[in-house]
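Undergrad: Sequences listed follow chains C and E, in order.
Per the numbering used here, residue 624 is the first one in the first sequence, and the count goes up by one each step.
Per the numbering used here, residue 23 is the first one in the second sequence, and the count goes up by one each step.
The hints are simulated quantities; they were obtained by calculation from the structure and are not laboratory data.
Since this is a predicted model, take the numbers as computed values, not measurements.
C-beta atoms are modelled at their ideal positions from N, C-alpha and C, and glycine is treated no differently.
Where hints are given, some of them may not hold.
Unchecked claim - Some residues of chain E that are not near chain C, with every Cβ distance over 10 angstroms (derived):
1. ILE55
2. ILE62
3. THR95
4. MET113
5. LYS137
6. ASP145
7. SER148
8. ASP150
9. ARG162
10. LEU169
11. TYR179
12. ASP180
13. LEU184
What the hints assert, rightly or not - Covered stretches of chain C (in silico footprint by chain E; criterion: 3 or more residues with CB under 8 angstroms from a CB of chain E, positions within the stretch not fixed):
14. 625-632
15. 638-645
16. 667-675
17. 688-694
18. 698-708
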Amino acid sequence: MRYRETGNVHKDFHLATNTTIKYILTEYGMSFLREVFRRTAQRVYRVIYEALKSGDPQPWLEHMSYFFEREGGIFEVHQRKDSIVFEVKECPAVKHLIQRGVPYSVDFCLQTSLLNEAWAKDSPFDICTVLTGVGRCYQIIRRRE
Amino acid sequence: MLPSDHYVRFYNELFKMLEEIDHVELQKYWMEISRLQETIIGPYIERAGLRGMYEYWDRIRIEENCDAELTLTEDYFEFKMNKCPSLTKAMDNDAGVFEYYCDHCAGWIEPIMKKYGYYCVYDIISRDEPRCVERIYRDREKAVEYLKGVKLLAKPYDDSRL
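Chain E extracted, bound-state conformation:
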């Protein structure tokens, strides 16, 4: 059994192998994970929109031992990760971290948000620090405005844009 604690170190290796073939293969895998994740987060969004996202990520905050702050407003849901357990594990790893490790997160989130009509702005901040900010807006214009202050925008797909 691959422990659930170690899945992230396993797919960190898979990311490297897929990238060795072609970046498109990595993107196709992110899409596959996105389809799985949609079966999990989708019902939360369908039931309660931004509040549903808050509920889903609050569960994740607890289960994955995240040091994170969640904010819900009329306009957006924000997940501010102060210490990401996923990147922390990928970095604390005898195999070494994949250079674009952080992009997988936006890689599964972005397609789901697009499908449900939301606008996701994912600020990686830095690829070497286990922290990031994800904001999901109802309104495109407000997302575009927020985008101006972002340090390192995740663009997991060639057609990633608001």
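Pulled out of the complex, with its shape left as it was, chain C reads as follows:
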């Protein structure tokens, strides 16, 4: 894995992500937000993106599992014949927001859907993000027909 942080976790960065998403949407709009997450997905996480393009979803799954585990999230991975379902039962980012008394909005989850959208671009996969509740979602990676 390209980035494997260890040690303590400063979860207040989730507050900054929340502020940043709101700020970008208000000041520059959705296309700008999409572009910053595209650059993050494809340039910062270049290894994950290149692996997906070559047909390998494992670095994506390893990244997701490692950081959800590290932040104390509750999740399950369902490996199926034609897909991998990353089921988030308790998102640590959303949980932290709520614990700090910051109102949650579904816009906060754009970080997930836009990263997944950009990772899937030019790869043989679709990655769908389906919100199922506050701090809960399915992220489904499936090879295109």
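Given chain C, work out where chain E should sit, using these hints.
TA: Same frame as chain C, now just chain E:
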């Protein structure tokens, strides 16, 4: 979820995009982050002044895994970063580090200190090395005196001055 560990690499990309529009857009974003940070550090300062800053940054030292030394005197609070985890991550990054990455720190700190009546001297030292020294003074004259020995002063805003 963008891991909290990776927020700095994310906003490193945002810094580049805002700078592509105009440097003023980057400054406006730093101000927005400063407003958020004020909600977090503000209560520490209101309760205990320089000691409150010490308490806040000591928490940051632990949570962000900083190699840093904190000093509190009658005159100032100093945060001496020996190895900055933020710049270290931004440099250890397949997307490359934004040239003026370090300025964001003073960009959020300076407006808060001004608001509370303190004088912040932020020595970046070098943009290529993950270390810096931040000193916050009660007294302007003492801050001005300290300024004389600074290697690379952060001036995040056009009107940045003591």
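Undergrad: All hints, please: hold or fail.
TA: Right, here's what the structure says about each hint:
1. With a minimum CB-CB distance of about 6 angstroms to chain C, ILE55 (chain E) fails to clear the 10 angstroms threshold, and the non-interface call is violated.
2. Chain C draws ILE62 (chain E) into its interface by the beta-carbon criterion, the shortest separation being 7 angstroms against a cut-off of 10 angstroms.
3. At the 10 angstroms boundary, the C-beta of THR95 (chain E) stays outside the reach of chain C, the nearest C-beta of that chain being 27 angstroms off.
4. The Cβ of MET113 (chain E) sits about 12 angstroms from the closest Cβ of chain C, beyond the 10 angstroms cut-off, so the non-interface label holds.
5. Every beta carbon of chain C lies more than 10 angstroms from that of LYS137 (chain E), the smallest distance being close to 18 angstroms; the non-interface claim holds.
6. Separation of ASP145 (chain E) from chain C is adequate, the least Cβ-Cβ distance of about 23 angstroms exceeding the 10 angstroms criterion.
7. With a least CB separation of 24 angstroms from chain C, SER148 (chain E) remains clear of the 10 angstroms interface cut-off, as annotated.
8. Its beta-carbon lying about 20 angstroms from the closest one in chain C, ASP150 (chain E) satisfies the requirement of being farther than 10 angstroms from that chain.
9. No beta-carbon of chain C comes within 10 angstroms of the beta-carbon of ARG162 (chain E); the shortest separation is about 30 angstroms.
10. No Cβ of chain C approaches the Cβ of LEU169 (chain E) within 10 angstroms, the least distance being about 29 angstroms, so the stated non-interface status holds.
11. Every Cβ of chain C is farther than 10 angstroms from the Cβ of TYR179 (chain E); the closest lies at roughly 18 angstroms, confirming the non-interface assignment.
12. Remark: the non-interface label on ASP180 (chain E) is consistent with the geometry, its nearest Cβ contact in chain C lying 19 angstroms away (cut-off 10 angstroms).
13. Even its closest Cβ contact with chain C, about 27 angstroms, leaves LEU184 (chain E) beyond 10 angstroms, as expected for a residue assigned away from the interface.
14. By the rule of at least three residues with a Cβ nearer than 8 angstroms to a Cβ of chain E, the coverage given for the stretch 625-632 of chain C holds, with 6 such residues.
15. Against chain E, the stretch 638-645 of chain C contributes 5 residues with a C-beta closer than 8 angstroms to a partner C-beta. That satisfies the three-residue criterion, and the hint holds.
16. Check result for the stretch 667-675 of chain C against chain E: holds, 4 residues qualifying (beta carbon to beta carbon below 8 angstroms, three or more required).
17. Note: the stretch 688-694 of chain C has 4 residues with beta-carbon separation from chain E under 8 angstroms; the three-residue rule is met and the coverage holds.
18. As drawn, the stretch 698-708 of chain C meets chain E at 0 residues by the rule of a beta-carbon pair under 8 angstroms; below three, the given contact is violated.
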